[in-house]
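All chains should be modelled from the sequences, with the hints used to inform the complete structure.
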Amino acid sequence: MQTFSRPLLALLLAAALPATALAHGDVTPQAVDTSSLPKLGDAWRAENPFRKNDAAIKVGTSAYNQNCARCHGLEAISGGIAPDLRKLDNECASLKDANKKNACVKEIDDYFAGTVRRGRTRNGAVYMPPFEGTLNQEAVWSIKAYLETRREKPL
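So the sequence shown is residues 28 to 182, counted in the working numbering.
Everything labelled a hint here was simulated from the structure, so no lab data went into it.
Keep in mind it's a predicted model, so treat the numbers as computed, not measured.
Each hint should be verified, as a subset may be incorrect.
As the list claims (entries may be wrong) - Mimicking DSS-like on lysine-lysine, the simulated pairs with C-alpha atoms at most 27 Å apart in a straight line are:
#	residue 1	residue 2
1	K114	K127
2	K66	K79
3	K133	K114
4	K114	K128
5	K85	K123
What the hints assert, rightly or not - With beta-carbon atoms standing in for the labels, derived distance ranges:
#	residue 1	residue 2	range
6	R144	K114	32 to 40 Å
7	S62	N126	32 to 40 Å
8	R149	P65	29 to 37 Å
9	S63	N150	36 to 44 Å
10	K79	Y138	18 to 26 Å
11	A58	K127	17 to 25 Å
For glycine and all other residues, C-beta sits at the position ideal for the given N, C-alpha and C.
Quick look at the structure:
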């Protein structure tokens, strides 16, 4: 086994840190081309208007890969750094009453859009950057439409 002197070990560790810090790449929000989708207007929708829309799912897949995968994982399978978005509406799936299930899904839609738009900060630390101003409503809902194809527990 090779041993290193303390100064050499410190130098090797210092050289490795920048690569570790950049392991998730550029976390600057990336714009998404939503020109193929219907325009939703300025007022934010209360629930996902692109649910099960194939064109939106295609846009959402690309948008997710550009903006979300670096933290939430490829194909929405989290590696532990951020919440696993396949589980976002798991509690809705177990509801038997259709009205309660629909209300649950609508509540999750609202939570999702609000989180993406405003980001998440805790104790002054940014856990998720805000995407409002970078991602338009069409992009946010197309990402949600994609995530609905990745659900852990289908509705």
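Results of checking the hints against the structure:
1. K114 to K127: Cα-Cα ~18 Å, so holds.
2. K66 to K79: holds (17 Å)
3. K133 to K114: Judged against 27 Å, a Cα distance of about 15 Å means the pair holds.
4. K114 to K128: holds (15 Å)
5. K85 to K123: violated (30 Å)
6. R144 to K114: 32 to 40 Å: violated (21 Å)
7. S62 to N126: 32 to 40 Å: This hint holds: roughly 36 Å between Cβ atoms.
8. R149 to P65: 29 to 37 Å: holds (36 Å)
9. S63 to N150: 36 to 44 Å: Because 40 Å falls inside the window, the suggested range holds.
10. K79 to Y138: 18 to 26 Å: holds (20 Å)
11. A58 to K127: 17 to 25 Å: violated (37 Å)
Hints 5, 6, 11, counting from the list given before, are not met by this structure.
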